[in-house]
Amino acid sequence: MAKNQDILGIDVGGNNIKFGLVNQRARLMSYGQIPTPTTAPAIINALIKIIGGYERQIKAVGLGLPGLLDLSKGLILKTPNLPFHRTPIVSRLHQKVKKPIKIENDANCFVLAESVVGGGKNYKYVAGFTLGTGVGGGLVINKKIYHGQNQAGEFGHQVIDFHQGQKLETLLGARALKLSAAALIGLEKQAQAQNPLALKFWRNYGTALGFACVNIIKILDPEIIILGGKQARAFKYFRPQVAGIIRQHCPIRPAKIVKSQLIDKAGIIGAALLFKQQF
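The opening position of the sequence shown corresponds to residue 1 in this note's numbering, with each subsequent residue numbered one higher.
If you are wondering where the hints come from, they were derived from the structure by calculation, not from laboratory data. Just so it is clear, the structure is predicted and the values come from calculations on it, not from any experiment. Backbone N, C-alpha and C define an ideal beta-carbon position, used for all residues, glycine too. Possibly wrong hints are sitting among the right ones.
Unchecked claim - Here are the simulated lysine-lysine pairs, DSS-like style, with alpha carbons at most 27 angstroms apart:
1) K124 <-> K230
2) K18 <-> K78
3) K236 <-> K99
4) K73 <-> K99
5) K18 <-> K96
6) K18 <-> K143
7) K59 <-> K73
What the hints assert, rightly or not - Simulated restraints, written as ranges between beta carbons of each label pair:
8) Q24 <-> K144: 13 to 21 angstroms
9) Q192 <-> K78: 19 to 27 angstroms
10) K218 <-> H85: 30 to 38 angstroms
11) K99 <-> N195: 25 to 33 angstroms
Using the sequences plus the hints, can you model the full thing?
Structure follows, in structure tokens:
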């Protein structure tokens, strides 16, 4: 194999920046993680430093970012948990980095990775939710991200409660629920101990997510929906509600609902796969 064929995948989150080398078989060959800095210049400098540590080993950089992006111009238009607004992230990085760079929504990166090497690898139509600080989503058709005009896959912005105008993200996102990562882990542990309040929390969580999945199935008809993010670790506690609602409303060939196989590595792998042309 030719040298310098690996891609550096970077997954930028509100709390951490995760990164690693991904080879031509979409295998993660190395892994690193740092806390996400609090200012835009500091984040860009951190990315430059990460890339600099790998620049001689790679042919390109794939970058997964939360929020709304302009892919053609390399812009972060709006993001909920990073200090960027209409930021030309690609051109800023290219002031120091000479390798090709592609950006993509982080949830799209997650679904792409799952569709290529994860739970969706044997399916053509793959949808996914990222259940974390907020709620993201994506759709991959024949191993290609579906973008629509630019905002396809923003599943967290679908309205679930019509009378109050509540979006899915306000019902299930950790930020809206005012729950830290530690609190979510605590709720999972309490559910393991059969705490009735924790079990009720996850049942309600599954009900809201179940109706969101029904919307996706009715409109997009994916073969499989893959759940990722911190909340997905508690899937077994809300799976009955999700599955029951889907069976009730989509009785004929409903989409399969599964938890991510790649867990927190999917964003890195998916970012690197932005440079893979054939699957």
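For a quick check of understanding: which of the numbered hints are violated here, in increasing order?
Violated hints (numbers, rising): 3, 9, 11; every other hint is consistent with the structure.
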